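Participant: Each chain, letter by letter, is given below.
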Amino acid sequence: MAKKVLLNQKEIEIILHRLSCQLIESHKDFTNTILIGLQPRGIFLCNRLVEILEKEYNIKDIKHGKLDITFYRDDFRRRDEPLEANKTEIDFVVDNKNIVFIDDVLYSGRSTRAALTAIQAFGRPNKIELLVLIDRRFSRHLPIQPDYKGRKVDAINHEQVKVNWKENNDEDCIYLINNP
Amino acid sequence: MSELSVNNLIGIKHLQKQDIDLIFKTADHFKEVINRPIKKVPSLRDITIANLFFENSTRTKLSFELAEKRLSADIINFSAAQSSVKKGETLIDTTNNILSMKVDIVVMRHPNEGAAYFLSKHVDAKIINAGDGAHEHPTQALLDSYSIREKLGSVKGKKVVIIGDILHSRVALSNIYALQLQGAEVKLCGPTTLIPKYITELGVGYEKNLIKALEWCDVANVLRVQHERMDIKYFPSVREYTQLYGINKEILNSIDKDIVIMHPGPINRGVELTSDVADSKQAIILNQVENGVAVRMAVIYLLAQQIKR
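Listed in order, the protein sequences are those of chains W and D.
Under the numbering used here, think of the first position of the first sequence as 1434, with each following residue one higher.
Under the numbering used here, think of the first position of the second sequence as -11, with each following residue one higher.
None of these hints come from the bench; they were simulated from the model.
Distance condition first, Cα-Cα at most 30 Å in a straight line; then the derived DSS-like pairs of lysine-lysine:
1) K57(D) / K1530(W)
2) K27(D) / K1496(W)
3) K28(D) / K1520(W)
4) K237(D) / K200(D)
5) K1520(W) / K49(D)
6) K13(D) / K1499(W)
None of these values were measured; they are calculated from a predicted model.
Work out the full structure: start from the sequences and follow the hints.
Facilitator: Structural data, given as structure tokens:
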């Protein structure tokens, strides 16, 4: 199993700042915007972005939440391993709001499709955008593309992109793992 | 653990502690789902569920039906009163006829003990027992424990007294198994004629005196006197039963702690509970009903997960 560093801690930090600036460009003071981290791994990225926006750019009271898509997935009963649900925390009205979905890796687009269905249970947003740290190009199963992306990666199917966060893996680092 | 250790839900007796933990964890997610503006998830949209009720039911049937609909399953309802059972059809024939319509899960209530187990041995579908005679009512016990967990933080170490007609109650037996599995202490309270003879061999205590039982417990689960199952007189009169085992506000106020009052419904107001107790802040009867939908969604979802495409 070969393992290659795609992004180290410093590079991730620079990208997170750039993504924060891009969000500010589009969403100004975030009064009508909600950032939603997709469970399970998108929440770390979402929390980091909120932290940067609040501390570095002095934007206060950014509405953000967590969305679990387990019950909306299209592979229920098709997988060998059973799906495990996570917590959803959306304590605000999403009607007419601009939503930004935040996830670590965009691969097939199926998780994003499930998230698009799941968010409808909370209302009718004005607009939904997608922000990802890693965009695995050429691997999409659905016509879904990110609005904001950290890094584009051309990886083949048996390669895996692994995003480690200090919060759960003791380091900020992104690896490309070759599973032959 | 993210999968149940059983293939059907026949009774709590067959479950492990981890199964109950998994059901509760899943129910937590579904409780959040049923409080959304749109209370429905598409998980079971290719699953068909038959609700076979060979005995009358209002809240259990409604609760199962709602849980199934919230999961987007297709459902068919069957009640013995309007069916070929009246014409002499056997349980297996009735069920197999329904299953030939490609049903994946059967929810069944039946007046005979062991009916759900019997069915699980003979038909090729997931079976959920919604009550079999005076034997078990597993989803009721699960929602009762879930409600205690929600109210008191945990079931472990809590003292629960089950009061009333234990003899004819499937809720009591399932509750005893569920509470013990989670580390609660259980006592029974009621007229000796309504306490099964060897029930204390299950490791539960018995207290004849209502006040003493209430002073001992953290939670009182009050059962209905099931007159419809009584072929002989088990106590002289309803009035006497109420005097000895009915809970009123005065009794609750005389106890120096706030105990939680539960009831699986339907309540005979003025018999086992007075209205001021049933509607008091200490009663979590309506929470039990709400939790019933979430817990049943969890059970159905986890069993459906085992049906591979």
